[in-house]
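S.K.: Starting from the known structure of chain A, arrange chain B on it as the hints suggest.
Here are the chains, one letter per residue:
Number of protein chains: 2
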Amino acid sequence: MMNDTLQQLSVTLRRTVDDSYPIFIGDGLFSRLGSLLRDRGLPKRVALVSDTSVFALHGPALRDALAAAGFAVAVEAVFPAGEEHKTRETKAWIEDRLLETKLGRDTWVAALGGGVVGDMAGYTAATYLRGIPFVQFPTTLLAMVDSSVGGKTGLDTPHGKNLIGAFWQPRAVIADLRMLATLPPVQVQAGLAEVIKHAVIADPEFFDYLQAVWPQVARLDPAVMGKIVHRNCAIKAGVVEKDERESDLRKILNFGHTLGHALETAADYRLLHGTCVAIGMRYEAELAAALGLLAASDVKRIQALLDQAGFPAVDDVEVSAAQLVELTKSDKKARGGHVEYVFPKQIGAMAQGERGYGIRVGDEQALPLLERIRGR
Amino acid sequence: MMNDTLQQLSVTLRRTVDDSYPIFIGDGLFSRLGSLLRDRGLPKRVALVSDTSVFALHGPALRDALAAAGFAVAVEAVFPAGEEHKTRETKAWIEDRLLETKLGRDTWVAALGGGVVGDMAGYTAATYLRGIPFVQFPTTLLAMVDSSVGGKTGLDTPHGKNLIGAFWQPRAVIADLRMLATLPPVQVQAGLAEVIKHAVIADPEFFDYLQAVWPQVARLDPAVMGKIVHRNCAIKAGVVEKDERESDLRKILNFGHTLGHALETAADYRLLHGTCVAIGMRYEAELAAALGLLAASDVKRIQALLDQAGFPAVDDVEVSAAQLVELTKSDKKARGGHVEYVFPKQIGAMAQGERGYGIRVGDEQALPLLERIRGR
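From first to last, the protein sequence lines stand for chains A and B. The numbering used here applies: residue 1 is where the first sequence begins, and numbers increase by one. The numbering used here applies: residue 1 is where the second sequence begins, and numbers increase by one.
Honestly, the hints are just simulated from the structure, not real lab data. Hints may be right or wrong, so weigh each one.
Note: identical chains are not told apart, hence a pair may lie in one copy or across any two.
SDA-like mimics (lysine to any residue), calculated; alpha carbons at most 25 Å apart, straight line [to be verified]:
#  : residue 1 : residue 2
1  : Lys242    : Glu354
2  : Lys102    : Ala266
3  : Lys161    : Val213
4  : Lys102    : Val319
5  : Lys44     : Phe30
6  : Lys102    : Gly41
7  : Lys161    : Ile373
8  : Lys329    : Gly362
9  : Lys161    : Glu89
10 : Lys102    : Glu89
11 : Lys329    : Val75
12 : Lys161    : Ala92
13 : Lys345    : Ala267
14 : Lys44     : Arg32
15 : Lys242    : Arg40
16 : Lys345    : Leu291
17 : Lys44     : Ser330
18 : Lys329    : Arg374
19 : Lys44     : Gln8
20 : Lys102    : Leu291
21 : Lys242    : Asp18
22 : Lys345    : Asp203
23 : Lys242    : Arg171
Since the model is a prediction, treat every value here as computed from it, not as a measurement.
Excised from the complex, chain A in its bound form (with noise of 0.2 Å):
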C-alpha cells in the first residue's frame, strides 16, 4: 500500500456568470428584430426551428423578418406539432440537420412556437457543440407567459414528461402578441390556468385586475393580454432570478401541479395540461382549507375566476381518488415516498411548513377530501 503518495489538486472554477435576457412583449414586433436583437451578442447564422403547425402560419414571415435583420437562416429544421414529438429522436433529428448543413458555434437557434418548440430548440441549442445561442418566439398564450421564463428545457421518455435536458437560458424572448389571434381557444384558455396560479401565488392585485378585465381577455384585446403577459413574466422571473436552479422558492411555482400532473398521467394526456392545472388548483385550494392553511372566502375567489375562464369543476377522468393519490407519488417532486404539495395561505402569498414551501400530505388528508369533491 502507497497511500502515503496521497497528492491533492484543487480545479478552481469560481466565476460570475451573467445569462440575464430581455423579454420584449407587443403587437407587430417582426418588424423591428434588427434593433430589438442588437447587442445580444448573436451571430449572423440562424437555425429556425419550429413545428408543422406553427411554420404554416408563421415560419415564412419570421424568415423574412430575420433576413431583414441582417441574419442568415442557415437551415429550417421543422418537426410535426405535438407533444408526442418531444423526443429523443425529434432531438437528433434537428441536431442532424444542423450538422448537415455544417452549421458551427457561429449559429444560434431561433425556437419559433410552443412549450415543446421552445423545449426542444432549447435544449438543442444547449447541446450542439456543448451549447450555442437561442431565442425564443413564443407563439402560444402558454409559452408567453411559462416556459419562456426559467431555462428550463428538455424531452419526454416512455418513463415521464421532462426527464431529460438542461438548464439553458435565451438569449432573449420575442413575446409578439399578433401570433394569439391565430390561437384556438383552448389553447389561450390553457395559457389562462398559468395566469391565474400567478396571480394566486403572488400578486393579489393582479388577481383583482384578471377579475375585472375578463372580458377583454375573453376577446384577447392586445392592449390587456400585453400587461398580463408582461405581469407574468414579472411574477415568474421574480421567482427564477432568487433560485435559478430549482430548490425552496421556485417551488411555489408548483401550485396546482401536484394533482394536475397526475390527472393528466391519468388521462394519459387527453387533456390539456392548463385545463388538468385549473382542475389541480380547484383541489387544491380545498386541500389548503381542509388543512386550516386558506380561508374559505379564498378559495371560493380562486373557483370563481377559475369558473369565469371556463375550466370544468371537476375532472371527468375515469379513476378513483385513491389512483389519483397513488400517481402524485411517481412525480418528480415526490421524496422519499412523500407527496410535497404547495398551498396558498391567502390569494397572493403561499404558505410555508417546516420544511420550507414544500408541504407533505399524507393519503389519509388527501382521499377523502379528493372522494368528497369528486363525487367517486
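M.R.: This is chain B only, laid out in the frame that chain A set:
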C-alpha cells in the same frame, strides 16, 4: 400596427458559480473513498457507469469501496467498451437504466473508465433530470492527465466526434495510479502524448524532468507517475481556470490536434488519438519552425522526446498531403474556411499572432512542408 405597445422586461440572472473540485492522485485510493468524498455534497445513492472491459477489472472493487464509504450503488450501467459506443444510443440506454430504477435527484453518477466512459457518464449526468452530480474515476493515463480536467462531456455522431454534449464539471476526480498497471502499453503511450503536449505548451522544467525520468515512466513507477499526473492536471487546470468556456487561451491545448485530428479521420480511427496527436505535434513543430516561430533546436528536442516515447516519426496513413490539409478544414476549429493552428515559440511557451493564440496557415505554407516530411 401597434408597435407603440412595446414593453420590455429584464430577467436578471447574474450569479456567482463555484464549480471548483479536487483531484486526488495516489496509489490505492479506493480504500479511502469515505474521507475523499466527504463534504462534496454527494447524495447517498450512486449510479455506477462503466464499460465492459474496465468493469471486469475494477467494477466490483469500486462497488465494494463505495458501499464501505456509506454509499448505495442503486444501479450499474455497463456498456460495451470502445469509441464506437460513444453514441446517442448508449446515452439513452444509460438514462433508461437510471429511469427504470426510478432514480431521482438524490443520485450521483460514478464514472469508472477512460475518456469514453467519462464523456458518456458525464454527459448523462449533465442532462439527467436537468443535471445531477458526478465523480470521475479515470482508469487510463489519458483520462487522468487530460479528460478529467475541463468539464467537457459529449458524444460522437456520424457527422463527427464530440459534436453533441455539455460542459459539466465533476464534483471530484479520483485518479488511482493502481489502475495504470492493468493498462495495455499502447494506452499508456497514448496518454504520454498529451503529457508531452502539456510540457511543450506550458512548462520547460517539466519537459526536462520527462527526459530525465523516462526509464521510470517506462516501468510506470508510482512515485514518478503520481508526479506526472499531478503536474499535468495542474497545467491543464491552469488553462481551464482562466478560460472555462472555449475562447482564446484554451486553444493552446490544441497543439498537435489540428493535423492530429485530420490524421485520425484519414485513418478512420484505426490509429489511437494519442498517436495521432504525437505525430501531429511533430508536423506542427516543423511547421512552426518553417514559419519562423520556433527554433530548430527546440523542434529537435520535441522530436527526441517523442522518439523516446516510441512514437513513429511519420504516419503511415494512405492519404496525400493535399487530402490531409483538406481534412483540417472540416475541423470544428476551422473558422470561415481558414485553418487555425497553435504553435510553440519555445518549449514551454506558445506564440501569439494578431488574433491571439490561433494562427491561420494557408495551404501554400502547409502543403509543401507536409509533402517534404511525409515523402508523399
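S.K.: All the hints need checking, so say for each whether the structure fits it.
M.R.: Hints, verified against the model:
{"no.": "1", "hint": "Lys242 to Glu354", "in the structure": "within (20 Å within a copy, 42 Å between copies)"}
{"no.": "2", "hint": "Lys102 to Ala266", "in the structure": "between (43 Å within a copy, 19 Å between copies)"}
{"no.": "3", "hint": "Lys161 to Val213", "in the structure": "neither (34 Å within a copy, 55 Å between copies)"}
{"no.": "4", "hint": "Lys102 to Val319", "in the structure": "between (50 Å within a copy, 23 Å between copies)"}
{"no.": "5", "hint": "Lys44 to Phe30", "in the structure": "within (17 Å within a copy, 50 Å between copies)"}
{"no.": "6", "hint": "Lys102 to Gly41", "in the structure": "within (21 Å within a copy, 40 Å between copies)"}
{"no.": "7", "hint": "Lys161 to Ile373", "in the structure": "neither (27 Å within a copy, 56 Å between copies)"}
{"no.": "8", "hint": "Lys329 to Gly362", "in the structure": "within (11 Å within a copy, 62 Å between copies)"}
{"no.": "9", "hint": "Lys161 to Glu89", "in the structure": "both (15 Å within a copy, 19 Å between copies)"}
{"no.": "10", "hint": "Lys102 to Glu89", "in the structure": "both (20 Å within a copy, 22 Å between copies)"}
{"no.": "11", "hint": "Lys329 to Val75", "in the structure": "between (42 Å within a copy, 21 Å between copies)"}
{"no.": "12", "hint": "Lys161 to Ala92", "in the structure": "both (18 Å within a copy, 15 Å between copies)"}
{"no.": "13", "hint": "Lys345 to Ala267", "in the structure": "neither (29 Å within a copy, 67 Å between copies)"}
{"no.": "14", "hint": "Lys44 to Arg32", "in the structure": "within (16 Å within a copy, 52 Å between copies)"}
{"no.": "15", "hint": "Lys242 to Arg40", "in the structure": "both (23 Å within a copy, 24 Å between copies)"}
{"no.": "16", "hint": "Lys345 to Leu291", "in the structure": "within (10 Å within a copy, 73 Å between copies)"}
{"no.": "17", "hint": "Lys44 to Ser330", "in the structure": "between (44 Å within a copy, 20 Å between copies)"}
{"no.": "18", "hint": "Lys329 to Arg374", "in the structure": "within (19 Å within a copy, 65 Å between copies)"}
{"no.": "19", "hint": "Lys44 to Gln8", "in the structure": "between (44 Å within a copy, 24 Å between copies)"}
{"no.": "20", "hint": "Lys102 to Leu291", "in the structure": "neither (58 Å within a copy, 30 Å between copies)"}
{"no.": "21", "hint": "Lys242 to Asp18", "in the structure": "both (14 Å within a copy, 17 Å between copies)"}
{"no.": "22", "hint": "Lys345 to Asp203", "in the structure": "within (13 Å within a copy, 63 Å between copies)"}
{"no.": "23", "hint": "Lys242 to Arg171", "in the structure": "both (19 Å within a copy, 24 Å between copies)"}
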